[in-house]
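Assemble chain B onto chain A, guided by the hints.
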Amino acid sequence: MSNTLPNQFSSLEPFSAKWALSTEGKRQQERIHSTPDELKAFYDAIMPQMEEILSTLDQHPYGQLPEELHPLYWMSLSLAEIAPHVELYKGSNHVPFSFEEARFEAEHGNQINI
Amino acid sequence: MNRKLTLRWDEKFPELGGSPIPIDPCISPEIYDQEVEKVFKKTWLKVGRVEEIPKKGDYKVKKLSFANTSVILIRGKDDQIRGFHNTCSHRGNKVVVETGGEETFGSSRAAVVTCRFHGWVYDAKGDLVNVPEENKFHPCFAREENGLAKIRTEVWEGFIFVNLDDTATESLEQYLGDMGNHLKGYPYEQMADVFSYNTVLECNWKVAHDAFAEAYHVETIHAGSFPNVFGSGLQDVELFGDHRTAAVCLTNNASPKPAAALSNSITGASLVNFKARTMLPENVNPSNRDDFAFELSVLFPNLLIHISEGVWFTHQFWPMGPNKTRWEGKYYLPKVNSYAERWAQQFAVTLQRNAWLEDTATMEDTQAALLSGSKKVMHLQDEEILLRHGYHVLEKYLNKEA
Chain A
1314 MSNTLPNQFS SLEPFSAKWA LSTEGKRQQE RIHSTPDELK AFYDAIMPQM EEILSTLDQH
1374 PYGQLPEELH PLYWMSLSLA EIAPHVELYK GSNHVPFSFE EARFEAEHGN QINI
Chain B
10 MNRKLTLRWD EKFPELGGSP IPIDPCISPE IYDQEVEKVF KKTWLKVGRV EEIPKKGDYK
70 VKKLSFANTS VILIRGKDDQ IRGFHNTCSH RGNKVVVETG GEETFGSSRA AVVTCRFHGW
130 VYDAKGDLVN VPEENKFHPC FAREENGLAK IRTEVWEGFI FVNLDDTATE SLEQYLGDMG
190 NHLKGYPYEQ MADVFSYNTV LECNWKVAHD AFAEAYHVET IHAGSFPNVF GSGLQDVELF
250 GDHRTAAVCL TNNASPKPAA ALSNSITGAS LVNFKARTML PENVNPSNRD DFAFELSVLF
310 PNLLIHISEG VWFTHQFWPM GPNKTRWEGK YYLPKVNSYA ERWAQQFAVT LQRNAWLEDT
370 ATMEDTQAAL LSGSKKVMHL QDEEILLRHG YHVLEKYLNK EA
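Taken in order, these protein sequences are the chains called A and B. Numbering of the first sequence is given in my numbering, commencing with residue 1314 and proceeding in unit increments. Numbering of the second sequence is given in my numbering, commencing with residue 10 and proceeding in unit increments.
Chain A extracted, bound-state conformation (with noise of 0.2 Å):
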């Protein structure tokens, strides 16, 4: 497996692939097609480097984040979209009583963040 992170985040390597996602409505998806365990498991493993990670990639000015760092960005922002889950909603992969997400539309979820 090659490698897509920075080497002092090498522990998350098993992560990425599955979580370094570009757009919330690609993240959002992800979450709602994962098991409670691979939340947690996520979670677990990325929460403690967060501060680490956000400075990181603010060693660079908004907007011009090298492309090498792209992956440890957007597996930030996966954990933006899952944590609810795993601190509020006892790690179910759905918003508990809500409406259907999938008519649920984000207009600006196809926007690559980058």
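Hints should not be assumed to be uniformly reliable.
[Unchecked claim] Quick list of in silico lysine to any residue cross-link-like pairs, SDA-like style, CA-CA up to 20 Å:
id: 1; chain 1: A; residue 1: K1403; chain 2: B; residue 2: P267
id: 2; chain 1: A; residue 1: K1403; chain 2: B; residue 2: T287
id: 3; chain 1: A; residue 1: K1339; chain 2: B; residue 2: N207
id: 4; chain 1: A; residue 1: K1353; chain 2: B; residue 2: K64
id: 5; chain 1: B; residue 1: K64; chain 2: B; residue 2: P267
id: 6; chain 1: B; residue 1: K333; chain 2: A; residue 2: E1414
id: 7; chain 1: A; residue 1: K1353; chain 2: B; residue 2: A270
id: 8; chain 1: B; residue 1: K266; chain 2: A; residue 2: D1357
id: 9; chain 1: B; residue 1: K339; chain 2: A; residue 2: G1338
id: 10; chain 1: B; residue 1: K193; chain 2: B; residue 2: V171
id: 11; chain 1: B; residue 1: K55; chain 2: B; residue 2: H147
id: 12; chain 1: B; residue 1: K266; chain 2: A; residue 2: M1360
id: 13; chain 1: B; residue 1: K266; chain 2: A; residue 2: G1338
id: 14; chain 1: B; residue 1: K65; chain 2: B; residue 2: H127
id: 15; chain 1: B; residue 1: K344; chain 2: A; residue 2: E1414
id: 16; chain 1: B; residue 1: K344; chain 2: A; residue 2: D1371
id: 17; chain 1: B; residue 1: K266; chain 2: A; residue 2: D1350
id: 18; chain 1: A; residue 1: K1403; chain 2: B; residue 2: H231
id: 19; chain 1: A; residue 1: K1403; chain 2: B; residue 2: A151
id: 20; chain 1: B; residue 1: K266; chain 2: A; residue 2: A1354
The set of hints was computed from the structure by calculation and includes no laboratory data.
Showing chain B alone in chain A's frame:
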């Protein structure tokens, strides 16, 4: 029980009374038709923001399906934004093809729109400026008399409104009255990162509207996304003619979990955390309450504007039929300057999206249950005063002569 002691808003606004509210307006097709004619075709409706069409020649086309039309909003070379029906003067084709569905955006360097059918060209003042083979039309055809049909269009604080009643003379500013004064001066345009969500709900527009116009539901509906957030009740309720406003005050007893704590340490993009006052207009939260979360302002008939420190958001409800409504939720945040801020912003937006998924969850069930006909009225408590006022205003409009 001495009710007078406990019902604060009943005491302040006795003219609204305390009777149950009839359910009929939420299910009757006849009343829906009257609402379209007497309310939606007669009042000022928000259809956009000036930042959506920032450059000369930029345009937005928005469907107004309740009126079987679409409005072209175009910024002219004079920077004025004007509105027109999207209907060609030739044989009535849509001038701009609405590829975007409900909303279509485009840009023309020459600040014109051209009908794809036979190439008729209109400028941003609606004038018909070019007709191919014009000399083959009969003498009774005059280009000068065949511009686009105008729709009254005015801008208030960067919000673009239209009014389909071209015989009326009340300006947008007059229509908003003291509601406009109350919300004036907030730096709407400075919150340039916009997160928009929409859906079509199988419910009456008022069922969707009302669910967002009270804070009584917070502890039950949002037990998932905002646990241990308690409503401390509405404050500073004011009725401004057809419009109304209140401060939604919330107490957050939850100690934040790790991701929320990290987000909060970077940005103030969340709604339920205390932020120092820097930008609110002076009449909003006049007593500087610590538990002020956001101002909830209802602009009749279908727009909710909420302003807070460093964040504002809107809900809008477009009638598409007696039991069908397009909901649009928009969350506005300051432009971010770093990846950490962008991450924190995304966390706050995700949580807000989830809260809106919780809000919209009840609406279709409510409509289905109302359609059973098993209940004739709904009961509103004192904290649902904004809904009560809404039904009073609606009744006033429906009682008008057509």
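Checked hints:
1. A:K1403 - B:P267: Judged against 20 Å, a Cα distance of about 15 Å means the pair holds.
2. A:K1403 - B:T287: Violated, because 37 Å separates the two Cα atoms, which is more than 20 Å.
3. A:K1339 - B:N207: This hinted pair holds, its Cα atoms lying about 18 Å apart.
4. A:K1353 - B:K64: Status violated; Cα separation ~46 Å.
5. B:K64 - B:P267: Not satisfied, since the Cα-Cα distance of roughly 42 Å exceeds 20 Å.
6. B:K333 - A:E1414: The given pair, whose Cα atoms are some 18 Å apart, holds under the 20 Å limit.
7. A:K1353 - B:A270: 18 Å, holds
8. B:K266 - A:D1357: Given pair B:K266, A:D1357 holds - Cα atoms ~13 Å apart, limit 20 Å.
9. B:K339 - A:G1338: The hint holds at about 17 Å.
10. B:K193 - B:V171: With Cα atoms ~19 Å apart, B:K193 and B:V171 stay inside 20 Å; holds.
11. B:K55 - B:H147: Violated, at roughly 40 Å.
12. B:K266 - A:M1360: 11 Å, holds
13. B:K266 - A:G1338: 24 Å, violated
14. B:K65 - B:H127: Violated, because 25 Å separates the two Cα atoms, which is more than 20 Å.
15. B:K344 - A:E1414: Given that 20 Å is the threshold and the Cα spacing comes to 27 Å, the pair is violated.
16. B:K344 - A:D1371: Holds - the C-alpha atoms of A:D1371 and B:K344 are around 16 Å apart, at most 20 Å.
17. B:K266 - A:D1350: Holds: B:K266 and A:D1350 sit about 19 Å apart, inside 20 Å.
18. A:K1403 - B:H231: Distance ~15 Å between A:K1403 and B:H231 Cα, so the pair holds.
19. A:K1403 - B:A151: 69 Å, violated
20. B:K266 - A:A1354: 17 Å, holds
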